[in-house]
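Using the sequences provided together with the hints, build the complete structure.
Quick mapping for you: the protein sequence lines, in order, are chains A and B. Residues 1 to 280, numbered by the numbering used here, are exactly what the first sequence covers, in order. Residues 281 to 460, numbered by the numbering used here, are exactly what the second sequence covers, in order.
Please note: incorrect hints may appear among the correct ones.
Here are some, though not all, of the chain B residues that point toward chain A, as calculated from beta-carbon distances under 10 Å [what the hints assert, rightly or not]: (1) 343; (2) 363; (3) 365; (4) 366; (5) 368; (6) 369; (7) 373; (8) 376; (9) 402; (10) 405; (11) 413; (12) 414; (13) 416; (14) 418; (15) 419; (16) 421.
Hint data in this document are derived by calculation from the structure and do not stem from the laboratory. Just so it is clear, CB atoms sit at the ideal spot from N, CA and C, and this is done for glycine as well.
Residue-level listing of the chains:
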Amino acid sequence: MNREAETTATDPHPDLTSPPSSAPAAAAVDQTRRALIGTAAGVTAAAVAPGLVLYSNANEAAPRTDPVSDVHRWGMLIDTDRCATGCTACVTACDRENGLNLQAKPLGDDQDKWQNQRATWIRKVRLQDNLTGRMTNLPLLCQHCENPPCVDVCPTGASFKRADGVVMVDRHTCIGCRYCMMACPYKARSFIHERVEQNLSRAPRGKGCVESCNLCAHRLDNGDISTACADACAHEGHHAIVFGDLKDPDGPLRQALAASPNRQIREDLRLNTGVRYAGI
Amino acid sequence: MDIIMIPPHHRMARRARPQRITWLARVALLIGLLLLAAAASAERVGGFVLPSSQAATAATCVEPTEYMRRNHFELIRHQRDETVYGGIRSTKHSLAGCVTCHVGHDGDGTPIPIADIGQFCNACHRYAAVRMNCFDCHATVPVGEGWNQTVTAPSAPTAQLADTALPPGHPSRGQPAPDR
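Pasting the structure below:
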């Protein structure tokens, strides 16, 4: 099958855990040094081996060398019943992962105004059913639509969908018109109004561009199939977010989607979102 | 102060003329020599690699130096699209890789932003009168790579160290691994 073929094909990387095979070359080296090298190699193998047991996808955990393809489509299931009132672990983790916490309030700006203007990739939303009084919490982020309106309206092609379903902004071509922000039904996109003094290598950010959740693409590209928000939620013990591959029928996401009723927000728009919600 | 005016038809004035000409010739010669010296120094373009950067200890850049001087931006721009659209981030032509290797360090080992005045990118672009805006967005010091070659998991450099028996501080530790 195609998928299995790819999984094995994307594994051309050398096994770091096996001891280095430089012993014949080191024949000329004196014995003390050689013994030291041998010990170092043994220690390395011992230290790494448990890691391989812990992470079953460790053999995939190498930076990719071939372009992303539509073999995968990344998505999420968010169980609103597990999303706790007052918890903002996912938002905080996202901020830290993607350098959003490095934004600084412009001098003299009003605090409330800043809270509205600063870029956020996840918003914690609280809903109340006025008839029954039932409260629902949910994190709202880019829904990674199959037919994204933000991509439809972008005049420069900067807003695009990657082959693996991640909707992103190419900041090199974004002109900051904010048409995509108008088009997004989920209010998922933010605009960078001010110069950001400090940037992370994995998350470049500059004045005048639009941005939104990219499903931690830098992790995915590094072979680490996870997102900061899902990890943080699990760490808090809520396990409200399941991240995974929508095209893998045996994967954790498809299993979770099959197990409980769930839906898309604004499914009437027929966007076929990659992020689904249970309990709403 | 009294200024003694010598009328132009005076004998002294007439005698001064040949003297002034030799003086002018000397100045012209000096300017000529300076221009020659400038031309000679222009041949030695380069030397922008900072002694405190990793690059100073490397034998060569990711491609031959002459090629990099003229074409580095072709590589970076190509890699940019590979990264944004294809998700390929770890190749040797990544901008983060440039920064990691070429960033200078101050006395206590803290990296200095690569686009600061006198630093690697800035110094040469200033010389060539080129103004780039890469670092309006991109990180000017290696921080938070998450994928970069030189900041791999602790296990990788250790294995490499055991393999090549390099001392811990050796600069060739953490060089980009040849990929493909």
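Hint check results:
Interface restraint check: residue 343 of chain B against chain A, minimum CB-CB distance 18 Å, threshold 10 Å, status violated. The interface hint given for residue 363 of chain B is met, as the beta carbon of that residue sits about 8 Å from the closest beta carbon of chain A, less than 10 Å. Residue-level restraint check for residue 365 of chain B holds (minimum Cβ-Cβ distance to chain A is 7 Å; threshold 10 Å). Because the closest C-beta pair between residue 366 of chain B and chain A is about 3 Å apart, less than 10 Å, the hint holds.
Hint on residue 368 of chain B holds. Least Cβ distance to chain A is approximately 6 Å, under the 10 Å limit. The restraint placing residue 369 of chain B at the interface with chain A holds, with a minimum CB-CB distance near 5 Å, inside the 10 Å limit. Contact between residue 373 of chain B and chain A, as hinted, is not supported at the beta carbon level, the nearest pair being about 13 Å apart and thus beyond 10 Å. Of the supplied interface hints, the one on residue 376 of chain B holds, with its beta-carbon coming within about 5 Å of a beta-carbon of chain A, less than 10 Å.
Annotation: interface hint on residue 402 of chain B violated; nearest CB of chain A at approximately 17 Å, more than 10 Å. For residue 405 of chain B, the interface hint is violated, the least distance from its beta-carbon to any beta-carbon of chain A being 18 Å, above 10 Å. Given hint, residue 413 of chain B at the interface with chain A, holds; its Cβ is 8 Å from that chain's nearest Cβ, closer than 10 Å. Among the interface hints, the one on residue 414 of chain B holds; its C-beta lies about 9 Å from the nearest C-beta in chain A, closer than the 10 Å criterion.
Because the smallest distance between the Cβ of residue 416 of chain B and any Cβ of chain A comes to about 4 Å, under 10 Å, the interface hint for this residue holds. A hinted interface residue such as residue 418 of chain B counts as satisfied when its beta carbon comes closer than 10 Å to some beta carbon of chain A; here the least separation is about 5 Å, so the hint holds. Contact between residue 419 of chain B and chain A, as hinted, is supported at the beta carbon level, the nearest pair being about 4 Å apart and thus within 10 Å. About 9 Å separates the beta-carbon of residue 421 of chain B from the nearest beta-carbon of chain A, less than 10 Å, and the hint is met.
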